[in-house]
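Peer 1: Sequence:
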Amino acid sequence: MNSTSLSNLDSPKMKIDYDINIEFPIKIRCYEHAEPGPIVESHFHDHFMLCYIANGECIVHCNSKHIAAKKDDLIVINNNDAHYIECLCTNLIYYIIKIDFAFLLGNQKDLDKTDYIKALIKNNVRFSNEIPKHKELLEEIQTLIIESQNKNLGYELIVKSSIFRIIVILLRNNLESISISKNNRKSLYSMNNLKEVLEYIDSHYSEKITLSELASMSNLSKHHFCRLFKRFTGKTFTDYINLLRINKAISLLKDKDLNINEVALCVGFNDSNYFSRIFKRYKNISPNKIRDLK
0 MNSTSLSNLD
10 SPKMKIDYDI
20 NIEFPIKIRC
30 YEHAEPGPIV
40 ESHFHDHFML
50 CYIANGECIV
60 HCNSKHIAAK
70 KDDLIVINNN
80 DAHYIECLCT
90 NLIYYIIKID
100 FAFLLGNQKD
110 LDKTDYIKAL
120 IKNNVRFSNE
130 IPKHKELLEE
140 IQTLIIESQN
150 KNLGYELIVK
160 SSIFRIIVIL
170 LRNNLESISI
180 SKNNRKSLYS
190 MNNLKEVLEY
200 IDSHYSEKIT
210 LSELASMSNL
220 SKHHFCRLFK
230 RFTGKTFTDY
240 INLLRINKAI
250 SLLKDKDLNI
260 NEVALCVGFN
270 DSNYFSRIFK
280 RYKNISPNKI
290 RDLK
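Residues 0 to 293, numbered by numbering that gives the first Met the number 0, are exactly what the sequence shown covers, in order.
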């Protein structure tokens, strides 16, 4: 691949949206962010993803890890990893590459009896989240993106070839585990429970949410729920909900028709003074000043 093609990867004009479907096992999307701060709240996916940073700097929060990433860095997000991205600059551009292992490998009759292929198909393989610099891997990622964008004759063959090469490089250099032990099954069960909790919080953040309520939803004691929550989100229950509400409030503060008290009520705070104190504690700036900046 020539350098002219690669230079397009950090151009905000470049857009890719290629869905996984019955004909192709990959989905690539380009995202751009111009404001520092969390992009989305912590969430899960039931598929394998790669995050390629094309420009700028960010922190990828993955389970309890906080990975600083910059241009040309690559992060692995395994099946059911709790994750979110925090932008640290005004020109962040990154690509999310989703790979459907079951479709990609499921029809390979010459391979499907191999243990690691079976494990990949069942999402039972875990890779290290933080990937050290690897020249060949970076070249394959860039080839994958450019070929998917240009769609020249035969690009499907190159894309699939790149995916296979990427899998091999990760298996040889960044493999964490390839089987599910009793403890891993228990961990997976816990993550699935927590996934439901996070979805509930995201849908009901404007309402009163108690620790007892969420622990009961997870079939855990409050003590064990708090440990699990902190382990997979990197935050306490209180910090997570406060940050979610504050980040939702930042969007609402752009609406000049809503006063501070109305914004507070919309995101789950019944007292505007308390809302302002919490806002300043987490953002080091008052909601009024944020509104002035907007």
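I should point out that these hints are in silico values taken from the structure, not numbers from a laboratory. A few of these clues could be false.
To be verified - Simulated pairs of lysine-lysine, DSBU-like, Cα-Cα distance not exceeding 30 Å:
1. Lys-64 / Lys-26
2. Lys-229 / Lys-194
3. Lys-134 / Lys-117
4. Lys-70 / Lys-282
5. Lys-221 / Lys-70
6. Lys-26 / Lys-70
Computed from a predicted model, the values in this text were never measured in an experiment.
Peer 1: Would you mind marking each hint as holding or not holding in the structure?
Peer 2: Hints versus structure:
Simply put, Lys-64 and Lys-26 have alpha-carbon atoms about 25 Å apart, close enough for the 30 Å limit, and the pair holds. Restraint check for Lys-229 and Lys-194: the C-alpha separation of about 13 Å stays at or below 30 Å, so the hint holds. Proposed proximity of Lys-134 and Lys-117 is supported: the alpha carbons are some 28 Å apart, at most 30 Å. Proposed proximity of Lys-70 and Lys-282 is supported: the alpha carbons are some 26 Å apart, at most 30 Å.
Of the pairs offered as hints, the one joining Lys-221 and Lys-70 is violated, with about 41 Å between alpha carbons and a cut-off of 30 Å exceeded. The hinted pair formed by Lys-26 and Lys-70 meets the criterion: a straight-line CA distance of about 21 Å does not exceed 30 Å.
Comparing the model with each earlier hint shows a violation of hint 5 alone; every other hint is respected.
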